[in-house]
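With chain A held as given, fit chain B onto it using these hints.
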Amino acid sequence: GAGVSQSPRYKVAKRGQDVALRCDPISGHVSLFWYQQALGQGPEFLTYFQNEAQLDKSGLPSDRFFAERPEGSVSTLKIQRTQQEDSAVYLCASSSGGVTYEQYFGPGTRLTVT
Amino acid sequence: QKEVEQNSGPLSVPEGAIASLNCTYSDRGSQSFFWYRQYSGKSPELIMSIYSNGDKEDGRFTAQLNKASQYVSLLIRDSQPSDSATYLCAVIGGGSQGNLIFGKGTKLSVKP
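Protein chains in written order, with our numbering: chain A, 1 to 114; chain B, 1001 to 1112.
Chain A extracted, bound-state conformation (with noise of 0.2 Å):
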């Protein structure tokens, strides 16, 4: 079946610009998790969403980030102003939920901020 789909699979952004980054998660996945991953370095949570319901954002850096999953299937990651620490590879995973947690990943979006 379809997998984790993500979009635009690479992004230029010039400094101060906004980006939206889109996630569609597996068919029937309640959970959808937004990570970044920096090079050499093991991905970092940045947000959780339990269908439409964002549970946990403890991890988005700062005001300029902002998710959402308004309809509890696709989710958006927004960020505002980039800056060029913002420069990564932003993975989405989702779950279905069961007790068993695994996730599955989503090709990413590798940002550039310039």
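Fair warning: there could be bad hints in the mix.
Said to hold, decoys possible - For lysine-lysine, the following DSBU-like pairs were computed, each having C-alpha atoms within a straight-line distance of at most 30 Å: (1) A/K57 - A/K11; (2) A/K11 - B/K1104; (3) B/K1056 - B/K1067; (4) B/K1107 - A/K11; (5) A/K14 - A/K78; (6) B/K1104 - A/K57; (7) A/K78 - B/K1067; (8) B/K1042 - B/K1002; (9) B/K1067 - B/K1107; (10) A/K78 - B/K1042; (11) B/K1042 - B/K1111; (12) B/K1104 - B/K1056; (13) B/K1104 - A/K78; (14) B/K1056 - B/K1107; (15) A/K57 - B/K1067; (16) A/K57 - B/K1042; (17) A/K78 - A/K57; (18) A/K14 - B/K1042; (19) B/K1104 - A/K14; (20) A/K11 - B/K1042; (21) B/K1111 - A/K57.
Simulated from the structure, these hints should not be mistaken for laboratory data.
Frame of chain A; chain B shown alone:
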């Protein structure tokens, strides 16, 4: 601060050998443990999950968990050049909503 530690490597093994990857975690309340494989330029791919002490085998992969020692390992038998990748250990901490805490990964190189 909940932490997951891995040796960054690179770990180099000859084709056909056993590769042993290790991980320790700081949160004693952690209950769920995962190994992901990440090829260069790609996203993490789940290869093993383990939830209870002992060994779990899946094909050429064996995950081992020792909660008393806060230690997780991954053994890859009959290593192949296609196994060359970075292996990420991930943990769901106690009391969390289910988010993964990752180590920095161990780079494995399997030489033909």
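To see whether the hints hold, each was checked on the structure:
Between A/K57 and A/K11 the alpha-carbon distance is near 23 Å, which keeps this suggested pair within the 30 Å criterion. For a cut-off of 30 Å, the pair hint linking A/K11 to B/K1104 stands: about 24 Å separates their Cα positions. Simply put, B/K1056 and B/K1067 have alpha-carbon atoms about 14 Å apart, close enough for the 30 Å limit, and the pair holds. Between the alpha carbons of B/K1107 and A/K11 the distance comes to roughly 27 Å, so the proposed pair stays at or under 30 Å and holds.
Among the hinted pairs, A/K14 with A/K78 is consistent with the structure: their alpha-carbon atoms are about 15 Å apart, no more than 30 Å. Taking the CA atoms of B/K1104 and A/K57, the gap is near 22 Å; set against the 30 Å cutoff, the hint holds. The hinted pair formed by A/K78 and B/K1067 fails the criterion: a straight-line CA distance of about 38 Å is larger than 30 Å. A C-alpha spacing of about 26 Å is found between B/K1042 and B/K1002, which places the hinted pair at or below 30 Å, so the restraint holds.
About 24 Å separates the Cα atoms of B/K1067 and B/K1107, which keeps this hinted pair within 30 Å; it holds. Distance restraint check for A/K78 and B/K1042: the Cα-Cα separation of roughly 22 Å lies within the 30 Å cut-off, and the hinted pair is therefore satisfied. A hinted pair counts as satisfied when its Cα atoms are at most 30 Å apart, and B/K1042 with B/K1111 qualifies at roughly 21 Å. For the hint pairing B/K1104 with B/K1056, the CA-to-CA distance comes to about 23 Å; that is within 30 Å, so the pair holds.
Proximity of B/K1104 to A/K78 is assessed by CA-CA distance (about 26 Å); at most 30 Å being required, the pair is judged to hold. Between the alpha carbons of B/K1056 and B/K1107 the distance comes to roughly 22 Å, so the proposed pair stays at or under 30 Å and holds. With a C-alpha separation of about 28 Å, the suggested pair A/K57 and B/K1067 falls inside the 30 Å cut-off, and the hint holds. For the suggested pair A/K57 and B/K1042, the alpha carbons sit about 25 Å apart, so the restraint of at most 30 Å is met.
With a C-alpha separation of about 13 Å, the suggested pairing of A/K78 with A/K57 holds against the 30 Å cut-off. Taken as a hint, the A/K14 and B/K1042 pair is honoured in the structure, with Cα atoms around 24 Å apart against an allowance of 30 Å. Of the pairs offered as hints, the one joining B/K1104 and A/K14 holds, with about 29 Å between alpha carbons and a cut-off of 30 Å not exceeded. At roughly 16 Å between alpha-carbon atoms, A/K11 and B/K1042 fall within 30 Å of each other, so this suggested pair holds.
This hinted pair does not check out: B/K1111 and A/K57 have alpha carbons roughly 42 Å apart, beyond 30 Å.
Hint violations for this structure: numbers 7 and 21, all remaining hints satisfied.
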